[in-house]
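Start from chain G and add chain F according to the hints.
Residue numbers (the working numbering), protein chains in the order written: chain G, 1 to 519; chain F, 1 to 317.
Do not rely on the hints blindly, as some may be mistaken.
[To be verified] Not close to chain F: a few residues of chain G, all C-beta gaps over 10 Å, as computed:
#  : residue
1  : R65
2  : S103
3  : K183
4  : L207
5  : P212
6  : Q281
7  : P287
8  : K294
9  : L341
10 : E342
11 : T345
12 : A357
13 : V393
14 : I411
15 : I418
16 : N461
[Stated by the list, open to error] Only part of the chain G face toward chain F is listed, based on derived beta-carbon distances under 8 Å:
#  : residue
17 : Q46
18 : E180
19 : V319
20 : A361
21 : F454
Think of the hints as simulated: they come from the structure by calculation, not from any bench.
As the structure is a prediction and not an experimental result, all values here were calculated from the model.
In this text, a Cβ means the ideal position worked out from N, Cα and C, and glycines have one as well.
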Amino acid sequence: MAAPNLISKQKLAAFPNWVPKSQLNLGLDLRGGSHLLLEVDLKAAQKERIANLVQAIRAQLRSERIGYSRIGALRDQALVVIRDPDKKARKGRDGQTNIDRASRLLRRLEPGSTEVDINGARITVGYTIEKRRADNIQVIQQSIEIVRRRVDELGTTEPSIQTQGADRILVQVPGLDDPERLKKLLGQTAKMTFHLLDERYNVGVNLPKVAPPGSFFAKHRPDKRQKRQGRKSGVTNVLKKRIVVSGENLVDSQPSFQDGQPVVSFRFDTIGARKFGKVTQENVGKPFAIVLDKEVISAPVIQGPILGGSGIITGGFTVQETKDLALLLRAGALPAPMTILEERTVGPDLGADSIAAGEIACIIGFILVLIFMLMAYGTFGVFANIALLLNMVLILGGLSLLQATLTLPGIAGIVLTIGMAVDANVLIFERIREEVATGRSPLSAVDAGYQRAFTTIIDANLTTLFAAIILFEFGSGPVKGFAVTLSIGLLTSMFTAIMVTRLMVVTYLGRRRLQTLPI
Amino acid sequence: MAVFPLRLVPPNTKINFIGRRKLAFVFSAILIALSLGFFAVKGLNYGIDFKGGILMEVRTPGAADIDNLRSRLSGLGLGEVAMQEFGQPTDVLIRIERQPGGEKAQMAAVEIVKGSLGKDVASYRRTEFVGPKVGGELIQAGILAVILSLLVIMIYVWFRFEWQFSIGAIVALIHDVIATIGVFSLLGLEFNLATVAAILTIAGYSINDTVVVFDRIRENLRKFKTMPIDDLLNHSVNQTLSRTLLTSVTTLLALLAIFVFGGAVIKDFGFALIWGVLVGTYSSVFVASPVVMSLNIRGNISSGSVGGESGQESPAE
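The shape of chain G in the complex, shown without the other chains:
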């Protein structure tokens, strides 16, 4: 509808085939797709870092044989209470007290990024604000990377993944067949670890009340029978806390089949292969557990040493589950859990319908305004209409130039602009009519009309523009698109109404030398 021959050749060269609408950046509400706002649980990541810090402190104190009566995480710090703080060490240890040795040890743990505070026998170790901030940024960046890998694995075109605020990630994926799958994939942390089972307890039989030191409880994922009964988890296992190997050491993972059952095959890197090989060698005949996001997905018995660094995970999967699990393992684990705060998915058929409806509304609105202007101003109406046509071209050109996204409310913005764009011309023409009524000659009436209407046009349009800009700042998604088209439309309409029509009017008057204005 926007005639391309109205633009200059330069501009036409800049947007080669922009007549097909695909040149414009269409929003998800028009082309169909999913908009997901994710929140990264930075607190959980921080908690995990403190837990790791506690582990490191425990290991250090043990190796130096410094006794402690209490160790653990307290809020966002690690806390340790040293036993016999003032007791001096035995020979060969410089005669220092336990507390001195412990504090020196902990200060050396991560120098520069921790704050160590000593109060009697209590030592607290926490990360500095700078370190925490840097860690948070890193977590977000890693999360984005993992999200990108997972989305890419789905084979979609041009996904957009970007941070929003301090702890959010906005994922926009156009043209998706199955948004539920994407949500499932993004909602999982996919942290995989291998553990040995605590052999003192039989699975699901003689469970202790609390997990013994060095071990933890983990529920098995429900098997098919349990799922049918509507149960959310299977038997409880007692696992050794020590991680034999983790998903970080995986280099590949693929869905495959074994004895007709869908399974996931995986391959470790050299370090992972060595660790896995050693443990399987030493524990033949014992069971080990594969844990995914705190849930045991499979606990097979080690049949023999696995030295090649590859293996399979069985677990009564469906084919789709093996595909998803393999994908998640390939893409890697998220550094912190993520929640989906908001979803907006538009199916491709609705998008196409919206474009069609928007086009019709545009064309009809346009024609109505053209006819009305012609009726109101005659020849001058023709000038205004040419300016309006040019205005449409400029809006579309401006949208492409700014790489702005055209949304459904954006189309509404264009239609609204069609109605409002003629305002500047109406102001001018009405003013000319008034000037003619005072008895001015055509040329001087036109001149005065343009001149006097100018400030009015500027004042009136600037105030509207302010509202549009604020809308752009605060609006989200499609609403932003509306603000963009409205703003561009206001600016271009001022240009076309003031400059372009004036040129036409003056040229026309120069040719005709009219005594009265046809207005």
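Just chain F, lined up with the frame of chain G:
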């Protein structure tokens, strides 16, 4: 070409707008009172943008059997489920209230609904859920945007004109905003982010109209220093009346096209804008100017510049 110059307003129209300001005041007062009353009693039908929850637009293979769909979903224990035909007989809009238990619960509910509808649904045209956290933020951003834009407009008008104009403009804008909220409450239309966008656009349109009238008042204040103020305001409004109506008509024509042909998704948005143009046009003439008049505008302007061309023109043209 110049065969049918259509004049909505004949030249030299002299309608006594200012003389009817008491009537206009009563009308506006009733409009505002009704709006606030509806808002207080009936409230607004907030969309999921603000209160959180789930919205799905589904297309069924044949004409939709809404009762069947409703009975399917009401058994799922998801709380209040609202359904309505949307645009055409095969399309149904399903609204499910916010699920207790944070963001994950919304996502799980979407999955349950999709599983339960199964083959009754040919395609999911739209699936949206907004968790409680984002909803709260969107309310804040929306309110902030409206207040901020009113403030900015007020400051600009103050800067370009005089404070009396700025008060007149802001009273007219608040009038328009309240009247729009009132009509949404009355008709039970969904109040969502797009509605906030519509309100801001209405504010933008209304101020545009108002500024044009103000501009003329300012000009006339310099030109006709001795004219009684009510005559002067009347004269200004009448002079700009043709433009006010012409622009309103072209804008309404365009908006009508959106409302009728733009599709079900932006129908309400189009309606809000149509209403806003009507109210905004009314308020520019009947609210903004009378307020300016009541604020003793002349004292300020007369000390200002002397219009260069004031001598040649007479008030009655």
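To see whether the hints hold, each was checked on the structure:
Its beta-carbon lying about 46 Å from the closest one in chain F, R65 (chain G) satisfies the requirement of being farther than 10 Å from that chain. Listed as a non-interface residue, S103 (chain G) keeps its Cβ farther than 10 Å from every Cβ of chain F; the least gap is roughly 41 Å. Here K183 (chain G) does not stay apart from chain F, with its beta-carbon only about 6 Å from theirs, under the 10 Å limit. Once the 10 Å rule is applied to beta carbons, L207 (chain G) is consistent with being away from chain F; the minimum gap is 28 Å.
Its beta-carbon lying about 31 Å from the closest one in chain F, P212 (chain G) satisfies the requirement of being farther than 10 Å from that chain. The claim that Q281 (chain G) is not at the interface with chain F holds, since no C-beta of that chain comes within 10 Å of its own (minimum 42 Å). At roughly 32 Å from the closest C-beta of chain F, the C-beta of P287 (chain G) stays outside 10 Å, upholding its exclusion from the interface. No beta-carbon of chain F comes within 10 Å of the beta-carbon of K294 (chain G); the shortest separation is about 15 Å.
Listed as outside the interface, L341 (chain G) is inconsistent with that label: its C-beta sits roughly 5 Å from the nearest C-beta of chain F, within the 10 Å cut-off. Taking the minimum C-beta to C-beta distance to chain F, about 5 Å, the non-interface status of E342 (chain G) is violated against the 10 Å cut. Separation of T345 (chain G) from chain F is inadequate, the least Cβ-Cβ distance of about 4 Å not exceeding the 10 Å criterion. With 10 Å as the threshold on Cβ separation, the claim that A357 (chain G) sits away from chain F is violated: the shortest Cβ distance comes to roughly 3 Å.
With a cut of 10 Å on Cβ distances, V393 (chain G) stays outside the contact zone with chain F, its closest approach being about 17 Å. Some Cβ of chain F comes within 10 Å of the Cβ of I411 (chain G); the nearest lies about 8 Å off, and the non-interface call is violated. With a closest Cβ-Cβ approach of about 5 Å to chain F, I418 (chain G) is found to fall inside the 10 Å limit, against its non-interface label. With a closest Cβ-Cβ approach of about 7 Å to chain F, N461 (chain G) is found to fall inside the 10 Å limit, against its non-interface label.
A least Cβ separation of about 19 Å between Q46 (chain G) and chain F goes past the 8 Å threshold, and the interface hint is therefore violated. Checking E180 (chain G) against chain F by beta carbon gives a least distance of about 6 Å; that is within 8 Å, so the hint holds. The beta carbon of V319 (chain G) comes no nearer than 19 Å to any beta carbon in chain F, farther than 8 Å, and the hint placing it at the interface is violated. Given the 8 Å rule on beta carbons, the hint for A361 (chain G) holds: about 4 Å separates it from the nearest Cβ of chain F.
Checking F454 (chain G) against chain F by beta carbon gives a least distance of about 11 Å; that is not within 8 Å, so the hint is violated.
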